[in-house]
Amino acid sequence: MPTNPSMAAAIVGAAESNKIGYIEEGATNMTLFIEAIKNVCDQVGIKPSDIEGIAAPGYANALAEYLHIRPKWIDTTSVGGCSFQMQVHHAMAAINAGILDIAVVAHGESGYSARKNNGKGRGPRPAADPWAPAAMFEGPYGLSGPPSNYSHAFTRHMHRYGSSQEDFAQIAVTTRDWATLNPRAVMHSKETHPAGGPITVEDVMNSRIISWPLKLLDCCLVTDHGGAVIVASAERARSFKTKPVWIAGAAEAISHTSMIEMDDYTRTSAWQSAETAYTMAGMGPGEMELAMIYDSFTLTAGITAEMLRLTPLGEGPSLWADGKAGPGGSGIPVNTNGGGLSFSHSGMYGMMLLIEAYRQLSGTAEDGVHGLPGKQTSAKTAIVNGTGGVLSVTGTLVLVADD
Amino acid sequence: MTAEVDRLMRPGIPCAAVATGCANCSSVAHDVQVTPPTTRHVSQSVMGPVKRTRPLSRDRGSKERERTLADYNKPIPDPDPYTTGPFWEGAKAGKLVLPRCTDCNRTHFYPRNICPFCYSMNIEWYEASGEGWIQTFAVQHRAMGGWADETPFVTAFIDLKEGDRMFTVLRGVDGNKPEDIKCGTPVKVEFEKVNDDVSIPFWRVV
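Line by line, the protein sequences give chains A and B. For the first sequence, my numbering gives the first residue as 1, with consecutive numbering after it. For the second sequence, my numbering gives the first residue as 1, with consecutive numbering after it.
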């Protein structure tokens with residue numbers, strides 16, 4: 001008989017690669033993966049050979065070989081930045097089914113170094129298929145990567161709801177305030193980056209237009225980053241050196257692959273994945289004390305806030321307005337690591353969401369890795385939503401602290 | 001017309017391989033077509049001669065092709081003949097030719113070998129009005145290749161009068177004045193010949 005997998009598994013550790021951000025000496029996907037897995041195993045107090053299941057977008061098999069491990073559960077789901085939320089969902093389900101007790105979900109992506117290394121070290125990348133629908137029917141028209149796609153959703157949101165570029169700019173401003181409490185954030189300060197924190201709405205509005213209405217400071221970074229979390233069964237979750245953070249709800253959903261097939265440019269499938277995750281958890285948006293929301297762009301975070309029912313439809317940016325979601329703000333804290341907008345974003349940002357949610361709910365956001373005073377919140381519950389592709393795929397988790 | 005269209009859609013698949021079908025080609029793709037009275041079918045004249053002097057593939061390297069490619073320095077689609085052939089044949093003739101399900105009568109785009117609304121596999125092609133509206137748009141200030149020379153240009157998703165959606169670079173608008181462009185504005189299709197084999201649809205504000 002199927003059982004509700006809520007609380008059947010917990011995240012028991014979360015760690016990054018030794019270096020993240022703009023790594024001057026360079027890195028490859030594999031070096032970042034391995035550093036993160038090694039670090040999370042040390043943190044939790046296990047060896048890689050104790051891992052029974054391995055999940056990594058496009059890399060699970062290569063990692064198993066590299067580490068000489070023989071997992072009995074392999075998940076190489078690769079659908080963009082929410083792959084990690086989905087893999088935690090899958091791991092929880094497999095643990096609930098009794099297939100395994102300990103899985104690692106890992107990320108390694110040399111988004112910054114690969115540019116210097118002519119794409120080498122970035123892993124196998126399938127050649128674009130000229131016969132793919134998007135290649136035939138979007139390819140001729142000058143799109144150049146994610147910003148050039150997402151901007152169309154921004155325009156539609158403004159048209160439909162009367163929202164403004166300034167509304168969304170506040171998301172970048174408030175998120176940058178969190179970066180000032182995270183010394184590992186690329187945009188921690190003006191010393192670490194010309195656009196480092198703090199910034200103003202005017203700074204965002206005056207930054208270079210990339211794909212109108214998206215300006216440079218509406219867009220995430222492109223960095224090197226590795227990260228890993230350990231997911232363990234309820235039976236094992238309290239047997240490690242670290243605190244468990246419980247997976248109360250988990251879900252995933254897809255609405256399209258290419259934007260030509262996106263029915264409603266103001267909504268993502270997080271509407272569906274959030275509802276499923278809340279239902280599994282037996283909790284609602286009003287009970288969430290922290291939100292980790294994928295912010296590839298201010299637009300992504302803004303409309304996702306609506307999909308997660310944290311604001312009414314059309315009012316997503318209001319979650320951040322006037323610093324409400326920032327340090328010491330009057331609303332729930334959002335993206336307390338500084339977000340993909342100012343902390344780090346290697347291409348698939350979902351792992352950074354997981355790691356920060358783990359740190360916040362395990363009470364290690366200040367001393368875990370270099371969080372400054374004021375970064376640790378009192379949150380005991382969190383909603384974590386990843387978005388992959390071009391607003392295409394979502395994975396949502398509801399996490400709960402152990403105490 | 002459908003016999004020709006069907007062959008274009010599935011070149012290399014012998015008609016005899018299909019179990020049931022029409023007297024002409026044994027294809028099942030059109031033997032249960034329900035044609036609404038208002039339908040304008042794609043005719044032989046629209047589609048042009050059935051015999052194609054060359055494959056649609058661009059991997060040929062003739063001098064002629066090199067010359068035309070040099071003139072048009074932006075990405076040229078390499079059409080999949082299995083599911084999209086009639087669209088591109090129509091485009092060459094300056095016609096917007098779309099796929100439609102003969103069971104539920106809904107138009108879908110991009111073209112498929114199954115109706116994504118009712119899952120019928122009975123698909124026909126017809127000439128559409130070439131009219132639509134701007135669903136949403138963006139202004140590209142950064143682009144690669146030949147498009148880099150045309151920034152800022154406006155890209156848009158177009159809601160087709162017959163249903164479903166296409167993507168385009170919008171014509172008849174000024175990328176420096178995005179506030180003058182409105183979602184919902186009517187547009188009409190036009191085609192640009194980019195080489196001997198391929199014409200590309202663009203949409204223009206009317």
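Worth flagging that the hints you see were computed from the coordinates, not collected in a lab. As the structure is a prediction and not an experimental result, all values here were calculated from the model. Take these hints with a grain of salt, some might be off.
[Stated by the list, open to error] Using C-beta positions, here's what the derived DEER-type ranges look like: (1) A:Pro183 <-> B:Asp174: 17 to 27 Å; (2) B:Asn113 <-> A:Ser239: 27 to 37 Å; (3) A:Ala132 <-> B:Arg171: 18 to 28 Å; (4) A:Gly323 <-> B:Cys118: 48 to 58 Å.
[Unchecked claim] Pulled from the structure, derived: some chain B residues nowhere near chain A, Cβ distances all over 12 Å: (5) Asn105; (6) Pro111; (7) Tyr119; (8) Glu131; (9) Pro152; (10) Val205; (11) Val206.
Ideal placement from N, C-alpha and C gives every residue a C-beta, glycine not left out.
Each hint tested on the structure:
no.: 1; hint: A:Pro183 <-> B:Asp174: 17 to 27 Å; in the structure: 45 Å, violated
no.: 2; hint: B:Asn113 <-> A:Ser239: 27 to 37 Å; in the structure: 53 Å, violated
no.: 3; hint: A:Ala132 <-> B:Arg171: 18 to 28 Å; in the structure: 25 Å, holds
no.: 4; hint: A:Gly323 <-> B:Cys118: 48 to 58 Å; in the structure: 50 Å, holds
no.: 5; hint: Asn105; in the structure: 19 Å, holds
no.: 6; hint: Pro111; in the structure: 8 Å, violated
no.: 7; hint: Tyr119; in the structure: 16 Å, holds
no.: 8; hint: Glu131; in the structure: 18 Å, holds
no.: 9; hint: Pro152; in the structure: 7 Å, violated
no.: 10; hint: Val205; in the structure: 15 Å, holds
no.: 11; hint: Val206; in the structure: 19 Å, holds
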